[in-house]
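There are 2 protein chains.
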Amino acid sequence: MKSKAVFYHAGCPVCVEAEQNVAHAMDPAKFDLEIVHLGQNKGRLKDATAAGVKSVPALVLDGTPFHINFGASIEALR
Amino acid sequence: MKSKAVFYHAGCPVCVEAEQNVAHAMDPAKFDLEIVHLGQNKGRLKDATAAGVKSVPALVLDGTPFHINFGASIEALR
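Protein sequence lines, in the order shown, are assigned to chains A and B.
Residue 1399 is where the first sequence starts when you use the numbering used here, and the numbers rise one by one after that.
Residue 1399 is where the second sequence starts when you use the numbering used here, and the numbers rise one by one after that.
Honestly, I wouldn't trust all of these hints.
SDA-like cross-link-like pairs, simulated, lysine to any residue; straight-line CA separation at most 20 Å [what the hints assert, rightly or not]: (1) K1402/B / I1433/B; (2) K1402/B / H1422/A; (3) K1440/A / G1450/A; (4) K1400/B / Q1418/A; (5) K1400/A / N1419/B.
I should point out that these hints are in silico values taken from the structure, not numbers from a laboratory.
Full structure from sequences and hints, please.
Quick look at the structure:
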């Protein structure tokens, strides 16, 4: 069974770079990847916060958050 | 042709978590992954610094550094 990978971003340049490189580098045989733009989809801020996401871009793998470089604080997106 | 991915770490708990999740999540069809322990292999600090790595764990994809969470500053490993 595939694991769930959620990439949270806000469209910032740091986010786009991480999406194009890290998120799309994930093994599609292992992960179902979902890309969530928190600026356009504020309803998902709750999920991101619950997963421990503090800033974007961030990749949540099986519920564990990995912050990749730093684009914006999650607080700045509310 | 495969791209080069280098995962730099220092054996810290944050590093191990990132290695087991993010580094090993990379698509092996796209990347040749090398894992470098900078604590045990200080000769590679120069490469890491040249690639723009400021802290570990970090993943360098085709020369672009992505810092994943924060384990230790690269300065602390010298």
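Sort out which numbered hints this structure fails and list those numbers smallest first.
-> none
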